[in-house]
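Undergrad: Now for the letters of each chain:
There are 2 protein chains.
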Amino acid sequence: MNVEAYMNKLGQKAREASRVVARADTGLKNKALLAMAEALDASRSALAKANEKDLENGKANGLDAAMLDRLALKPATIDTMIEGLKQVAALPDPIGGITDMNYRPSGIQIGKMRVPLGVIGIIYESRPNVTVEAASLCLKSGNATILRGGSEAIHSNQAVADCIRQGLEAAGLPLEAVQVVETTDRAAVGKLITMPEYVDVIVPRGGKGLIERVSKEARVPVIKHLDGVCHVYIDAQADVVKAENIALNAKTHRYGTCNTMETLLVHESIAETILRDLADRYVAAGVELRGCDKSRKLAPVMIAASVDDWSTEYLAPVLSVKVVSGLEEAIEHINQYGSHHTDAIVTENYSLARRFLREVDSSSVMVNASTRFADGFEYGLGAEIGISTDKIHARGPVGLEGLTSQKYVVLGDGQIRK
Amino acid sequence: MNVEAYMNKLGQKAREASRVVARADTGLKNKALLAMAEALDASRSALAKANEKDLENGKANGLDAAMLDRLALKPATIDTMIEGLKQVAALPDPIGGITDMNYRPSGIQIGKMRVPLGVIGIIYESRPNVTVEAASLCLKSGNATILRGGSEAIHSNQAVADCIRQGLEAAGLPLEAVQVVETTDRAAVGKLITMPEYVDVIVPRGGKGLIERVSKEARVPVIKHLDGVCHVYIDAQADVVKAENIALNAKTHRYGTCNTMETLLVHESIAETILRDLADRYVAAGVELRGCDKSRKLAPVMIAASVDDWSTEYLAPVLSVKVVSGLEEAIEHINQYGSHHTDAIVTENYSLARRFLREVDSSSVMVNASTRFADGFEYGLGAEIGISTDKIHARGPVGLEGLTSQKYVVLGDGQIRK
Numbered sequence: 001m002n003v004e005a006y007m008n009k010l011g012q013k014a015r016e017a018s019r020v021v022a023r024a025d026t027g028l029k030n031k032a033l034l035a036m037a038e039a040l041d042a043s044r045s046a047l048a049k050a051n052e053k054d055l056e057n058g059k060a061n062g063l064d065a066a067m068l069d070r071l072a073l074k075p076a077t078i079d080t081m082i083e084g085l086k087q088v089a090a091l092p093d094p095i096g097g098i099t100d101m102n103y104r105p106s107g108i109q110i111g112k113m114r115v116p117l118g119v120i121g122i123i124y125e126s127r128p129n130v131t132v133e134a135a136s137l138c139l140k141s142g143n144a145t146i147l148r149g150g151s152e153a154i155h156s157n158q159a160v161a162d163c164i165r166q167g168l169e170a171a172g173l174p175l176e177a178v179q180v181v182e183t184t185d186r187a188a189v190g191k192l193i194t195m196p197e198y199v200d201v202i203v204p205r206g207g208k209g210l211i212e213r214v215s216k217e218a219r220v221p222v223i224k225h226l227d228g229v230c231h232v233y234i235d236a237q238a239d240v241v242k243a244e245n246i247a248l249n250a251k252t253h254r255y256g257t258c259n260t261m262e263t264l265l266v267h268e269s270i271a272e273t274i275l276r277d278l279a280d281r282y283v284a285a286g287v288e289l290r291g292c293d294k295s296r297k298l299a300p301v302m303i304a305a306s307v308d309d310w311s312t313e314y315l316a317p318v319l320s321v322k323v324v325s326g327l328e329e330a331i332e333h334i335n336q337y338g339s340h341h342t343d344a345i346v347t348e349n350y351s352l353a354r355r356f357l358r359e360v361d362s363s364s365v366m367v368n369a370s371t372r373f374a375d376g377f378e379y380g381l382g383a384e385i386g387i388s389t390d391k392i393h394a395r396g397p398v399g400l401e402g403l404t405s406q407k408y409v410v411l412g413d414g415q416i417r418k
Numbered sequence: 001m002n003v004e005a006y007m008n009k010l011g012q013k014a015r016e017a018s019r020v021v022a023r024a025d026t027g028l029k030n031k032a033l034l035a036m037a038e039a040l041d042a043s044r045s046a047l048a049k050a051n052e053k054d055l056e057n058g059k060a061n062g063l064d065a066a067m068l069d070r071l072a073l074k075p076a077t078i079d080t081m082i083e084g085l086k087q088v089a090a091l092p093d094p095i096g097g098i099t100d101m102n103y104r105p106s107g108i109q110i111g112k113m114r115v116p117l118g119v120i121g122i123i124y125e126s127r128p129n130v131t132v133e134a135a136s137l138c139l140k141s142g143n144a145t146i147l148r149g150g151s152e153a154i155h156s157n158q159a160v161a162d163c164i165r166q167g168l169e170a171a172g173l174p175l176e177a178v179q180v181v182e183t184t185d186r187a188a189v190g191k192l193i194t195m196p197e198y199v200d201v202i203v204p205r206g207g208k209g210l211i212e213r214v215s216k217e218a219r220v221p222v223i224k225h226l227d228g229v230c231h232v233y234i235d236a237q238a239d240v241v242k243a244e245n246i247a248l249n250a251k252t253h254r255y256g257t258c259n260t261m262e263t264l265l266v267h268e269s270i271a272e273t274i275l276r277d278l279a280d281r282y283v284a285a286g287v288e289l290r291g292c293d294k295s296r297k298l299a300p301v302m303i304a305a306s307v308d309d310w311s312t313e314y315l316a317p318v319l320s321v322k323v324v325s326g327l328e329e330a331i332e333h334i335n336q337y338g339s340h341h342t343d344a345i346v347t348e349n350y351s352l353a354r355r356f357l358r359e360v361d362s363s364s365v366m367v368n369a370s371t372r373f374a375d376g377f378e379y380g381l382g383a384e385i386g387i388s389t390d391k392i393h394a395r396g397p398v399g400l401e402g403l404t405s406q407k408y409v410v411l412g413d414g415q416i417r418k
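Quick note, the sequences are listed as chains L and F, same order. Going left to right, the first sequence walks through residues 1 to 418 as the UniProt record's numbering numbers them. Going left to right, the second sequence walks through residues 1 to 418 as the UniProt record's numbering numbers them.
Be aware that one or more of the hints could be misleading.
Since the list gives no way to pick one copy over another, a pair counts as held whenever it fits inside one copy or between any two copies.
Said to hold, decoys possible - List of simulated lysine-lysine pairs, BS3-like, C-alpha gap at most 25 Å:
1) K53 to K9
2) K112 to K242
3) K297 to K112
4) K242 to K13
5) K242 to K418
6) K297 to K74
Just so you know, these hints were derived from the structure itself, not from any lab.
Modelling step: build the complete structure from the supplied sequences, incorporating the hints.
TA: Below you can see the structure in the form of structure tokens.
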């Protein structure tokens with residue numbers, strides 16, 4: 001069978017399965033999730049064997065150490081997958097919830113019911129644990145899934161898929177509710193993102209290259225996450241201790257995450273008080289500083305920032321620093337050079353805080369808190385399929401609710417339109 | 001200037017204006033809307049003159065009577081536009097509303113703030129009153145708009161645009177908050193739907209051909225409305241009087257609307273009681289009936305339905321009729337052949353009603369009410385930019401809220417991530 005026909009078949013089966021999963025009750029979905037956890041636990045040696053194959057191939061194909069590390073299914077990774085399944089089972093079921101039920105003058109009663117999106121296509125790289133993570137969130141939110149992992153993880157993903165199927169079977173749910181693409185042919189991705197008749201939304205999880213390609217070629221909506229160029233703005237009326245703590249935490253807590261600060265903005269009237277000390281602390285932490293002219297005068301340890309620095313997501317111990325004349329300039333800088341991900345102000349001034357919250361056009365806006373909090377778990381979503389940098393449908397951390405939609409429910413008593 | 005450069009300039013200006021409109025307070029936006037209404041009232045003769053030009057060109061170009069009628073800006077049409085502006089001014093402002101503000105164990109407080117989408121591109125045909133309708137909804141929801149009307153209405157649209165600009169000016173809002181494309185070059189549409197850097201979402205309003213072309217070629221999200229193949233299912237336990245009233249109203253109240261019923265499904269055990277009488281009443285109303293074999297045995301006035309009939313949006317006094325064995329078959333038929341728009345069950349049975357609401361995958365699902373209620377005004381949205389048949393972002397009637405998004409707001413006291 002050629003790839004096109006194969007993907008069509010997968011799509012058709014996913015569409016059929018999605019109807020069953022959409023109406024599956026909470027108990028059934030949880031039963032499947034917990035049975036998946038048991039199957040993973042019982043299949044540790046099979047998983048290790050499959051993963052070994054991928055690792056050997058990866059080494060032979062010259063994957064670097066970081067990629068091999070992400071590919072490895074260590075016992076601890078499997079523990080985390082099992083724990084994750086139990087956590088998703090424990091989350092409240094979003095499906096079927098009815099809100100805002102109100103009477104209208106015509107006598108009809110109208111509200112909204114939360115419903116699944118249908119079929120979700122997930123495209124991801126290396127890490128085989130994403131297979132379980134994505135499948136569990138989609139299942140709990142009543143969706144069918146087609147998962148397309150990286151070719152380097154094909155054996156591991158198939159072994160994980162086997163455990164997922166055991167879980168679905170134990171709950172009497174259709175095995176096609178979660179399908180893992182079995183071919184490594186790259187044409188499968190091209191087909192998956194261009195069959196709106198079978199797939200309702202695509203969630204790409206991986207590097208920027210993958211996400212840009214998917215967004216460009218997709219014929220279905222994409223919940224995408226591009227850059228995280230996050231800012232902290234230290235206002236003239238900032239509490240100095242809070243400001244230093246937040247600025248350090250936002251940069252140095254972890255370097256490779258999308259909610260890490262990449263540019264620090266400092267009000268000119270507080271720069272003298274705070275910038276030299278902060279610069280010393282960054283340097284002590286091993287952070288390279290790239291500053292504007294004014295910053296460099298105060299802290300000569302900085303090298304000169306170029307205009308590209310303002311829009312760069314370093315994902316590394318590098319920070320750009322700019323002294324600004326006030327809130328106006330800070331907001332303008334953030335809206336122009338940022339990526340609309342997460343931005344914070346440090347201030348004790350009520351009116352400035354209020355303006356920052358309103359006028360900064362980012363998926364998360366914060367007052368006196370570290371940008372590192374922008375995360376589904378920290379926000380209380382219970383889980384996270386990704387962080388959306390889009391405005392349409394889902395913005396910011398996407399949990400179960402982001403994988404659902406709402407339909408209108410109308411209850412009448414024989415009403416007709418006059 | 002070529003079209004590409006012209007549209008780029010429009011886009012850039014819209015993006016800039018969107019930042020100002022996003023933070024404009026409610027009073028300012030309402031002032032602009034009411035000033036637009038005044039400008040329209042004061043420009044009746046200029047509007048009539050511009051419209052006369054379009055009508056003459058239209059006649060010369062052989063537009064049919066229906067198109068000329070939609071193109072005409074009669075005094076009553078202008079009254080409706082003025083009334084519409086006042087109504088939108090009176091609607092509550094969705095922007096800035098904060099919901100679900102809760103504390104997390106880390107001490108941060110998190111909620112969601114409703115924000116504009118940014119820049120909305122509207123593509124529409126003939127009716128110049130859409131210019132005002134769309135502009136007012138976008139402005140009230142804090143968005144900038146680029147409007148691209150049909151070339152046949154170019155003079156009327158420009159005259160309306162002039163009134164809109166007067167309104168914006170009176171309120172001190174940027175004139176580029178609402179821009180009406182001044183070229184009739186079709187390449188302008190192609191450009192408008194492929195500049196994600198300037199346009200956040202496209203709303204096409206017009207025939208199916210337009211919407212399909214836009215969805216296929218767009219590089220930005222599209223809030224689209226395709227078919228309305230709506231159903232009424234009369235269950236075995238339906239109240240006969242309610243059933244007949246709803247079935248007649250859903251078909252005959254208006255033929256050309258998307259929420260009009262196109263297929264009637266009847267449970268086999270009630271068909272004998274109800275179908276002959278209903279058929280007589282449809283025929284008396286001038287409706288052509290196309291039935292399945294079983295229906296035709298009971299009401300020989302019907303002609304035979306083909307399989308295409310089940311998925312056809314007639315938008316005309318034509319109805320397809322099918323006798324089904326029960327709820328299961330009805331739901332399957334609706335989910336397979338329908339367009340996921342609006343579907344109703346008539347029944348007195350609690351459990352069947354509940355199953356229908358849950359399992360029918362449509363933007364509006366109803367019990368004992370006419371499908372004709374699926375409408376932004378009837379639902380209490382106050383206004384409607386269209387009805388979405390998508391699941392992503394907005395589903396069903398789209399009012400002001402559908403033109404907005406939500407961002408996360410985090411309030412802290414110096415919290416950092418542990």
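Undergrad: So, for every hint listed, does it hold in this structure?
TA: Evaluated hints:
In this assembly of identical chains, K53 and K9 lie within 25 Å of each other by CA distance neither inside one copy nor across copies; the values are 28 Å within and 55 Å between. Proximity of K112 to K242 under the C-alpha cut-off of 25 Å is restricted to the inter-copy arrangement: shortest distance 24 Å between copies versus 42 Å within a copy. For the homomeric pair K297 and K112, neither the shortest alpha-carbon distance inside one copy (58 Å) nor that between copies (40 Å) is at most 25 Å. Neither within a single protomer nor between protomers do K242 and K13 lie at most 25 Å apart by alpha-carbon distance, with minima of 54 Å and 38 Å respectively.
For the identical chains of this complex, K242 and K418 are inter-copy neighbours only, at 15 Å across copies versus 62 Å inside a copy, given an alpha-carbon limit of 25 Å. Proximity of K297 to K74 under the C-alpha cut-off of 25 Å is found in neither arrangement, the shortest distances being 49 Å within a copy and 68 Å between copies.
This entry does not satisfy hints 1, 3, 4, 6, going by the numbered hints stated previously.
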